[in-house]
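With these hints in hand, go ahead and build the complete structure from the sequences.
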Amino acid sequence: MHATLSMLLIQGGGHEAAAGGAFEPFFPGLIVLLPLIGFAVNGVLALSHARRSADAVRAGGELELDGPTGKPSTHTLPTWIGPGVLAVAFALTLVNFVRALGADLHDPVVIHYWTWMATGTFTVDAALQLDQLSLVMMMVVTGVGFLIHVFSVGYMKEDTGYPRYFAYLNLFIFFMLTLVMGSSYPLMFVGWEGVGLCSYLLIGFWFSDREKADAGKKAFIVNRIGDFGFLVAMFLLFVTFGSLDFAEVLPLASQELAYGGGLVAAITLFFFLGAAGKSAQIPLYVWLPDAMAGPTPVSALIHAATMVTAGAYLVARSSALFALSPLGSGVVTGVGVLTALFAATIALKQYDIKKVLAYSTVSQLGYMFAGVGAGAYAAGIFHLMTHAFFKALLFLGSGAVIHSMHEAYHHTHNHEDPQDMRNMGGLKQFMPITFVVMWVATLAIAGIWPFAGFFSKDEIIWQIGAMGHAESAQYGAWYTLFWIMALAAALMTAFYMTRLMVMTFHGANRTGQEESRHLHEAPAVMWVPLAVLAVLSAFGGWINVPEALRASFLGGFGALPMSEWLHHWLEPVTASATATQLANIGEASHYAPFGGGEVMWAVISTVAALAVVVVSIQIVGRWDIKPAAEDAEPTGFGKVLFNKWYVDELYDSIVVQPIIRTSRFCWRVIDAGIIDGFVNAVGYMARGFGWFGSLFHTGSVNTYAFILSLGVLFVLGAVIF
Amino acid sequence: MADILFYVFASIAVGGALGVVMAKSPVGSLLFMVVTLAAVAAEFILLEAHFLGAVQIIVYAGAIMVLFLFVIMLLNLGHDYARDIKGGLFSVLSFAVVGAMAGLLVRGQGAPAGSGGLSGPGAAAIDAANAEFGVVGAIAEPLFTTYVVPFEITGILLLVAIVGALVLAKRHV
Amino acid sequence: MIAESLVLAAILFVVGTFGVLVRRNAIIIFLCIELQLNAVNLTLVALSRLHGIDAQIFVFFVMTVAAAEAAVGLAIIISIFRHYETVDVNNFNLLKW
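Residue numbers (the numbering used here), protein chains in the order written: chain U, 1 to 721; chain P, 1001 to 1173; chain F, 2001 to 2097.
No lab work stands behind these hints: they were computed from the structure.
What you are looking at is a predicted structure, and each value in this text was computed from that prediction instead of being measured.
Ideal Cβ positions, reconstructed from N, Cα and C, are used throughout, including at glycine.
There could be a bad hint or two in this list.
[Claimed, not checked] Calculated cross-link-like contacts (lysine-lysine; reagent style DSBU-like; alpha-carbon spacing at most 35 Å):
| hint | chain 1 | residue 1 | chain 2 | residue 2 |
| --- | --- | --- | --- | --- |
| 1 | P | K1086 | F | K2096 |
| 2 | U | K626 | U | K639 |
| 3 | P | K1024 | P | K1170 |
| 4 | U | K626 | U | K355 |
| 5 | P | K1024 | F | K2096 |
| 6 | U | K217 | U | K349 |
| 7 | F | K2096 | P | K1170 |
| 8 | U | K212 | U | K639 |
| 9 | U | K644 | U | K217 |
[Said to hold, decoys possible] Some, not all, of what chain F presents toward chain P, calculated at C-beta under 8 Å:
| hint | residue |
| --- | --- |
| 10 | A2010 |
| 11 | V2014 |
| 12 | F2018 |
| 13 | N2025 |
| 14 | I2027 |
| 15 | R2049 |
| 16 | H2051 |
The structure is reproduced here in C-alpha cells:
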C-alpha cells in the first residue's frame, strides 16, 4: 500500500514512453484518486450526519431538514471538498493535456500500478492509459463535471442529503475516469459497472419516493442486459487474442481477424449491445427518460455529458475492430440513426421539460453512434464533446428554471408540477440570463452556424453519406436511407427544441398570479457555470472545422488557425481503423448521395435548421397552451407520441410479466410446494415412525411378555430349522 | 407299568397346569399348582431322581406354595372371584404364539438319542452312584466336592434374599 | 420315557407361558413363572438320564434360586400393593408412553 502510494505520487512506475519529445504524465494516478478520496470524506460526513439525524429523531427531536441551518460538516465541508477535488483533477488533466500537445505522442503511454489479476496466461493490470482519446475524454469529464459540481452547490442547497449527494457524485467521477483511462477492457468494465452503480444511486437519490427508487432500479437492470453483451465480447476477444489490454488487442486486430468475418462481426455486435445499454439506444433506451427522476444536475452530468457517452467512447476506442466489420458498423449506424429519429418523434409531444431533454439526449446519442458507426470516429467524439457542452447547459438551465418554479410553488403551497412546460411561459422576464444561455444551447443543438453543434452534427451527417458511398463500400443503399433519416431527425430536433424554448420562456406566464411574484433568476453559483458552458457551446465547434468548409465563408475563408484539429489529434488512435478502411472500402466519397459537395450541403442544412427555428417560433407562439391542470389529454397520433409509442407497455407484456409469472411459479410451486413439502414430509415421516414405535409402550406386563415370547419363538425357529 | 404310571401322572400334571391358568380364584390357582407339583415330583421319582422328588415336595410344594398362600391371604385376595383372564384378540394371539412354541419345542425335543426307554449313557453312572452312596449320597457327593463353591454362594444368595424380602415388605413406620 | 418327559415338560412350559401372557393378577403371573421353572426342572432331570448326575445338581440349584426369587418377588408385590391397593397389572402402567 505504501509502495503503491509512493508510486502514485512519483511520475509513473514502469511506463513506456514514446519516441520524439517524450510525454511525461503528470500525476495521472492522482486524477483518478482524488475523486475517490472526495467520495470517502463526503461519505463519512454523510454517515455521521445520518446518524445524528437518527439520534435526534429517536430522542424526540426533529430532522435537520433545511439546509442553511445545517452544521458545517453537513454543508460547508462537502461544498469545498466536492467541487474542490474536481477542480484539482481538472487542473492536473489540463497540465497533462498541455504536455501532450507539446510532446510527440504516437503510442499510448501506459502507467502500471499493480497487477490486478494474474492467472497463468491471462493477466490484467491496474494500469492507466494516456493517449489522445483518453485525454479528450478526461478533459470533458473533469471540466464539465467541475462546472456541474459548482452548479449543484446552489441547486441542492436545501436538501438533507447534501453530503451524500456529493459523495455519490465524486464516486461517479472516479468510476468515469477509470472507464476512460483504463488500459484494458476489464478495467474499462470496472468503470462501466461503477458508473452504472452511481447512476442507480443518484437516480434513486430521493429513494423514499417509490417511483424514483423504481426508476433507479430500471436503469440498473436495463444496463445489466447490455453488460452481458460487453462480457461476451470480452470473452470472444480473449479467445482470439489471449489478452484484453488495448495495447495488445487493437494493434493486432487487422492481423488476427478477417475483414468482414463472422467472429469480428460477433465481437462488434456484442460490444454494441453493451453500448446500447449504457448509452440508451434502441432497444435499451427505456431507462433514460425514467432517469429524470434524479436531481437535475445528475441528469446533466450522467445522462447527458458523461456516462451515456461511454458507449460512443467504447466504439471509438475499439475503432480497429469496428472498421473490420462492415456488418457491425452498419448495424451501429443504422440503430444510431433510427434511435435519433425515433426519440426525436417522441420529444415532439412531451410536456415535461426534462423529458424533452431526455429524449433529445437519446436522439443525439444516436447521432454519435451513427458517426462512429460510419467510420467517422473523430466526428463522433467531436459530437460527444459539443453535446456535453450544450446538453449540460440545457439541463442545468432547465434545472435553474425548475428550481425557480419549485420555489414559487413552495411559497404558495401549490401542488402543480414545476417541471411541466404548460405551467411555465414568459419566463424570460424573470430569468434573463438563463433565457440567453439556453437560446445559445438551442441554436447549438439545432446545428446552426457558427455554434458548436453545427460543425459536429454536420460532419456526422456528411460522413454517413460519404463513407457509405466510398469506392467499394457495401450497403450503399442503406447508408443513403440513413443519411435521409439523419437529416429528418436534425429538422425535428430544431423544431422540438424551439417548442421547448417558446413554451418555457416566451409568451404569457401561466404559472399563476401569486406564484409569478416568486419567480427569480438563479443565484450566481448557478448561473456562472451556465455562462461558461454557453461560451463553450458557442465557440467550441471551431476546433474541428472540416477542410472542405474551412476554405469557404463557413470556415472564415481559411483565416482561422485551427482546422480539423481534433481529427488530426485523434489520428494516432484511429490509425488502424483508417488503414483498414482505405484497404477495404477505399476513399470516402466527395459527394453526398444525391450529389453536391460538402459546402453546399452545409449551407443547406444550416439554412433549413434556421428556417425551422423561425417558423416554429411563429407556430408555437400561436398555440393556445393551457396550464397542465386544465389541459386536455392528447388525442390521435399525438397520443401515441405522448405515450412514447407504448414501448414500455410492450416490454412489460413481453418481458416483465412472463418473468414475474415464472418467478411466482418457481416460488409457490417449486420452492414452497415441492421443496418445502419434501422437507416437511421428512419431518412427518419421523413423527410417523415415532407414533408407530409408541404403540409398543403399553405399560402392561402382559404385552411385554408377549413380545418376549415372540422373540423366543423366533430364536427357537432359528435353532430348530 | 412304569409307562402307565407315567401317563397318569403326566395327565394330572397337565390338568393341574391348565387349572392354574384357568382358575377363577387365586387360591384355586394355587391349589392346582400344588397338584401339578406333586405330579411332577412323581415324575421325578419315576425318572430315578428320588432325592429331587422329595425335595420338590418339601421345598416347592411345602414352602414356596405356602409362601404364595400367605401372601394371597395377606393381601386379602381370596374373596372377590372376578375373572381376571384377559380376553379378546390378545388371548387369541397369545394362544397362537404359545401353540407355535409348543409345536417347535416338541419337534425339537422329540427324539434325542437313545430315548426309547429309561436308560441312556448317563443312566449307568447314576445307577452306580445310587448303589454305592444311596440315593441322597449320589447327589451329595458331587454337591460337596465338585460344586461346593456354588453351594456356598447359594447360601449367601438365600441370606441376601431374606434380607431383601424383609426390607421390601416391611411397613414403613 | 425320556422323550415323553421332554414332551411333557414342553407342554408344561407352554401352559406356563400362556398363563403369564393372559392373567391379570400379578401373583398368579408369578405362579405361572414357577410352573415354567418346574418344566425346566423336569427337562433337566430327564436329560440327566442321558448325561449324568450333574443335571440333577443343576436342578437342586434351580430350586434354591427359585425359592429365593419367590420370596423377593412376593415382597415386591406386597410393597406395590401398598401403593396401588390392587395387584392388577393393568394398573401398573407408568411405563406407558
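Taking the hints in turn, this is what the structure says about them:
| no. | hint | verdict |
| --- | --- | --- |
| 1 | K1086(P) / K2096(F) | holds (18 Å) |
| 2 | K626(U) / K639(U) | holds (17 Å) |
| 3 | K1024(P) / K1170(P) | holds (29 Å) |
| 4 | K626(U) / K355(U) | holds (19 Å) |
| 5 | K1024(P) / K2096(F) | holds (28 Å) |
| 6 | K217(U) / K349(U) | holds (26 Å) |
| 7 | K2096(F) / K1170(P) | holds (29 Å) |
| 8 | K212(U) / K639(U) | holds (24 Å) |
| 9 | K644(U) / K217(U) | holds (20 Å) |
| 10 | A2010 | holds (4 Å) |
| 11 | V2014 | holds (4 Å) |
| 12 | F2018 | holds (5 Å) |
| 13 | N2025 | holds (5 Å) |
| 14 | I2027 | holds (6 Å) |
| 15 | R2049 | holds (5 Å) |
| 16 | H2051 | holds (5 Å) |
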